[in-house]
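Enquirer: Spelled out from the first residue to the last, the chains are:
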Amino acid sequence: MTLPLKKERDEMILNMGPQHPATHGVLRLLLELEGEVVKKVVPIIGYLHRGIEKLGEERTYIQNLVLTDRLDYTAAMSNNLSYALAVERLCGIEVPERARVIRVIMAELARIAAHLLWIGTYALDIGAITPFFYCFREREKIMDMFEMVSGQRLTPSYICIGGVRKDITPTFLEALRNFTDTFESYILDYEGLLSKNPIWLARTRDVAVLSKEDAINWGTTGPVLRASGVQFDFRRATPYCGYENYEFEIPYGTRGDCYDRYRVRMEELRQSNRILKQALNNLPDGPVLADVPYIVMPDKSQVLTDIEALIKHFKIASGAFQIPKGEVYSSIENPKGELGFYIVSDGSSRPYRMRIKSSCFVNLSALPFMVEGQMVADVVAAVGSIDIVLGEVDR
Amino acid sequence: MLVKINGQEYEVDQGTTILQIAREKGIYIPTLCYLERVSPIGSCGLCVVEVEGQDELVQACNTYVEDGMVINTDTPSVKAARKAALEKILEKHPLDCPVCDKAGECKLQDLVYELGYEERISHKVVGIPLLKEPPVSYSTPGIKYYPSRCVLCQRCVTICSEYVGREVLVVNEEGDKPRIEPLYADRCISCGECLAVCPVGALTENVSPLKVRPWQKKVSRTVCPYCGVGCVLELNVGDNRVVKVTVDESIPPNYGTLCVKGRFGFEFINSEKRLKRPLIRKNDEFQEVSWDEALDFVAEKLTAIKESAGPDAIAGLASAKCTNEDNYVFQKFMRAVIGTNNVDHCARL
Chain G
0 MTLPLKKERD EMILNMGPQH PATHGVLRLL LELEGEVVKK VVPIIGYLHR
50 GIEKLGEERT YIQNLVLTDR LDYTAAMSNN LSYALAVERL CGIEVPERAR
100 VIRVIMAELA RIAAHLLWIG TYALDIGAIT PFFYCFRERE KIMDMFEMVS
150 GQRLTPSYIC IGGVRKDITP TFLEALRNFT DTFESYILDY EGLLSKNPIW
200 LARTRDVAVL SKEDAINWGT TGPVLRASGV QFDFRRATPY CGYENYEFEI
250 PYGTRGDCYD RYRVRMEELR QSNRILKQAL NNLPDGPVLA DVPYIVMPDK
300 SQVLTDIEAL IKHFKIASGA FQIPKGEVYS SIENPKGELG FYIVSDGSSR
350 PYRMRIKSSC FVNLSALPFM VEGQMVADVV AAVGSIDIVL GEVDR
Chain X
0 MLVKINGQEY EVDQGTTILQ IAREKGIYIP TLCYLERVSP IGSCGLCVVE
50 VEGQDELVQA CNTYVEDGMV INTDTPSVKA ARKAALEKIL EKHPLDCPVC
100 DKAGECKLQD LVYELGYEER ISHKVVGIPL LKEPPVSYST PGIKYYPSRC
150 VLCQRCVTIC SEYVGREVLV VNEEGDKPRI EPLYADRCIS CGECLAVCPV
200 GALTENVSPL KVRPWQKKVS RTVCPYCGVG CVLELNVGDN RVVKVTVDES
250 IPPNYGTLCV KGRFGFEFIN SEKRLKRPLI RKNDEFQEVS WDEALDFVAE
300 KLTAIKESAG PDAIAGLASA KCTNEDNYVF QKFMRAVIGT NNVDHCARL
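Chains as they are written, first to last, in numbering that gives the first Met the number 0: chain G, 0 to 394; chain X, 0 to 348.
Among the clues, some could well be false.
[Stated by the list, open to error] DSS-like mimics (lysine-lysine), calculated; alpha carbons at most 27 Å apart, straight line:
no., chain 1, residue 1, chain 2, residue 2
1, G, Lys299, X, Lys82
2, X, Lys331, X, Lys320
3, X, Lys106, X, Lys24
4, G, Lys324, X, Lys106
5, X, Lys106, G, Lys299
6, X, Lys210, X, Lys91
7, X, Lys320, X, Lys260
8, X, Lys106, X, Lys87
9, X, Lys260, X, Lys210
10, G, Lys324, G, Lys53
11, X, Lys217, G, Lys53
12, X, Lys123, X, Lys82
13, G, Lys299, X, Lys131
14, X, Lys216, G, Lys53
15, X, Lys24, G, Lys324
16, G, Lys165, X, Lys123
17, X, Lys91, G, Lys299
18, X, Lys123, G, Lys299
19, G, Lys211, G, Lys195
20, X, Lys216, X, Lys272
21, X, Lys275, X, Lys210
22, X, Lys106, X, Lys210
23, X, Lys275, X, Lys216
24, X, Lys260, X, Lys216
25, X, Lys87, G, Lys299
26, X, Lys176, X, Lys123
27, X, Lys275, X, Lys320
28, X, Lys91, X, Lys131
29, X, Lys78, X, Lys106
30, X, Lys131, X, Lys216
31, G, Lys324, G, Lys356
32, G, Lys324, X, Lys78
33, X, Lys217, X, Lys106
34, X, Lys82, X, Lys106
35, X, Lys91, X, Lys176
36, X, Lys210, G, Lys299
[Said to hold, decoys possible] FRET-style restraints, in silico, Cβ to Cβ:
no., chain 1, residue 1, chain 2, residue 2, range
37, G, Ser347, X, Ala314, 51 to 61 Å
38, X, Lys217, G, Gly241, 44 to 54 Å
39, G, Gly50, X, Gly41, 50 to 60 Å
40, G, Ser347, X, Val124, 29 to 39 Å
What the hints contain is simulated information worked out from the structure, not anything from laboratory work. Where a beta carbon is used, it is the ideal one built from N, C-alpha and C, also for glycine.
Looking at chain G on its own, in the form it has when it is part of the complex (with noise of 0.2 Å):
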């Protein structure tokens, strides 16, 4: 490949990744330093790219939710969700409020989950070793929850078309509650390591700065915007799943810089565990799944002493059923910022077009604009502040 900058005198021109540690995957970024001064950055993406959008073509609309959860695999279950949205936009499918509230649980523990394993990383990345066991202690337990609900640690696709796939039970909801009862006391843990930490703050203190203009300009989303002094979060912004119901704050910072972006998100921590708290005492009874037999499949009990829902799951899982004509946006919150899916329906049982709207790419397209003219130990420190996932960056 063709180098796309140009070396001059006293100029290097360095590749960092795309297997490099602190890249967070496979992200290739070209350095054209002088000295030590990072004049030029361009970022090469695509190592990890599946064609999810174009694979979600060939196959029907319930086999694609589990590429959905190869996007952003840090939270998973928040991919689900937001497909499953628009989906059922598209459909005009009402969720039962019982599936509701699981699903604003299963996010936010998503959304803990993204957080906690950014900010081990991100430690990691700039020389802090022992965040990352703590962080990852807590980020089990909800690893631990996800197999209890959906069997699956990484990969769940436990919200699906129409509601969540099945019931919780009562040992999760134990599980949750000594989570959220404890978790408070934990985030004061890695604050008291992190927060007032001499090294942490000369790392991360007024480096990559994005001001509030910029910010808004780049179309960021997610706590990189809201670092910048931006307080906008699609779960206020446009509600789903009752999220108008909670009452949680939108934390913001003021200078746009690595260190707000990590106080952002660990008040996020704070304001998601509020918000388990409000879905654990007000989880109402009823069905977890909407009763529109002709897209959801019945339950895997019936199938096995039923015919007719062993035919409806037959015919469902083969393809039969038909989406309206039409297209359809949905986005939400997820942990990195906005996930959105276009999706545009022919009529059939497959999209004719199935666009993913990606938080990550948009953010890792402001980089450049961070980085340059700053030293190139702070690449590092940007990269890891703007919290990529490659898997949803390159798709």
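Based on these hints, arrange chain X on the given structure of chain G.
Expert: Below, chain X without anything else, positioned relative to chain G:
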């Protein structure tokens, strides 16, 4: 004659049934047992419609229209009656879909999905457990017969007696559940017409060892290679093998009918014994040779015979399994290159 269907008036001819009119005008009435080629069977009870002035619902397939008839095809009572009829069938149907060859193109599955689109058909658990019964003996080895899957629509009985005229099948009403039986198996000509009309997996094809689901296969329309009638048939190809032969009922000359050879005689395509390379007999043994060598050998011998004994010493016999184009070229070769009219063809198989 004027009739009104669902509020819309239509000008119709005398002597047509309600179902025929509805099909012609694009009004959907579900059917399970109805076949265009034979007289209405009227066993499934799914095509019921409401006729104003009549106390009971009537079957659209065997009710002739009368002047001024007002017909409704989509009222709640009609829907309920259709669901009740389907529920009766489902009650005795085994949970065979995962192992049934017909699943995916099964008429019963389609109807359950269509009529249960908005809500369940039955309000209780229906169906009997997966039986894993071996198929029972049938009048022809080309067909496997699973009586438990039968929905007693009697399409097979009717087509055999009315259309094929062999009257092999009867409905045996003895026992707790009536069943179709090949009572006069010696009359069977293995045409497979019963197999073609069976809406469910009760009769399934027993020739191809490989089976595929409908969404895995490719259907190619072609002409039967056996005899001079030239029946149009559809080869169902899965995994690069012909797995089944189906027919389009709307296409001449056979209009959905086939004989035993057309319907079941396709396994030769994938036979291991087929000649795939030219052979030349050397020292009393056939040996595989290259095409160049084989063609050189034939050209040399044909030239030698033609020169020594004249073109009429040579005759050509073509195969009916080749295409028309192949055979045309072959006779052209015999007449123009060799110079003889001794050409024949085996289309009497």
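Enquirer: For each hint, tell me whether it holds in the structure or not.
Expert: Against the structure, the hints:
no. : hint                            : in the structure
1   : G:Lys299 / X:Lys82              : 23 Å, holds
2   : X:Lys331 / X:Lys320             : 18 Å, holds
3   : X:Lys106 / X:Lys24              : 22 Å, holds
4   : G:Lys324 / X:Lys106             : 26 Å, holds
5   : X:Lys106 / G:Lys299             : 23 Å, holds
6   : X:Lys210 / X:Lys91              : 26 Å, holds
7   : X:Lys320 / X:Lys260             : 13 Å, holds
8   : X:Lys106 / X:Lys87              : 15 Å, holds
9   : X:Lys260 / X:Lys210             : 20 Å, holds
10  : G:Lys324 / G:Lys53              : 19 Å, holds
11  : X:Lys217 / G:Lys53              : 23 Å, holds
12  : X:Lys123 / X:Lys82              : 13 Å, holds
13  : G:Lys299 / X:Lys131             : 20 Å, holds
14  : X:Lys216 / G:Lys53              : 22 Å, holds
15  : X:Lys24 / G:Lys324              : 25 Å, holds
16  : G:Lys165 / X:Lys123             : 22 Å, holds
17  : X:Lys91 / G:Lys299              : 21 Å, holds
18  : X:Lys123 / G:Lys299             : 16 Å, holds
19  : G:Lys211 / G:Lys195             : 25 Å, holds
20  : X:Lys216 / X:Lys272             : 25 Å, holds
21  : X:Lys275 / X:Lys210             : 25 Å, holds
22  : X:Lys106 / X:Lys210             : 18 Å, holds
23  : X:Lys275 / X:Lys216             : 25 Å, holds
24  : X:Lys260 / X:Lys216             : 22 Å, holds
25  : X:Lys87 / G:Lys299              : 23 Å, holds
26  : X:Lys176 / X:Lys123             : 21 Å, holds
27  : X:Lys275 / X:Lys320             : 15 Å, holds
28  : X:Lys91 / X:Lys131              : 15 Å, holds
29  : X:Lys78 / X:Lys106              : 18 Å, holds
30  : X:Lys131 / X:Lys216             : 26 Å, holds
31  : G:Lys324 / G:Lys356             : 21 Å, holds
32  : G:Lys324 / X:Lys78              : 26 Å, holds
33  : X:Lys217 / X:Lys106             : 20 Å, holds
34  : X:Lys82 / X:Lys106              : 15 Å, holds
35  : X:Lys91 / X:Lys176              : 9 Å, holds
36  : X:Lys210 / G:Lys299             : 26 Å, holds
37  : G:Ser347 / X:Ala314: 51 to 61 Å : 57 Å, holds
38  : X:Lys217 / G:Gly241: 44 to 54 Å : 48 Å, holds
39  : G:Gly50 / X:Gly41: 50 to 60 Å   : 53 Å, holds
40  : G:Ser347 / X:Val124: 29 to 39 Å : 32 Å, holds
The structure meets every hint from the earlier list without exception.
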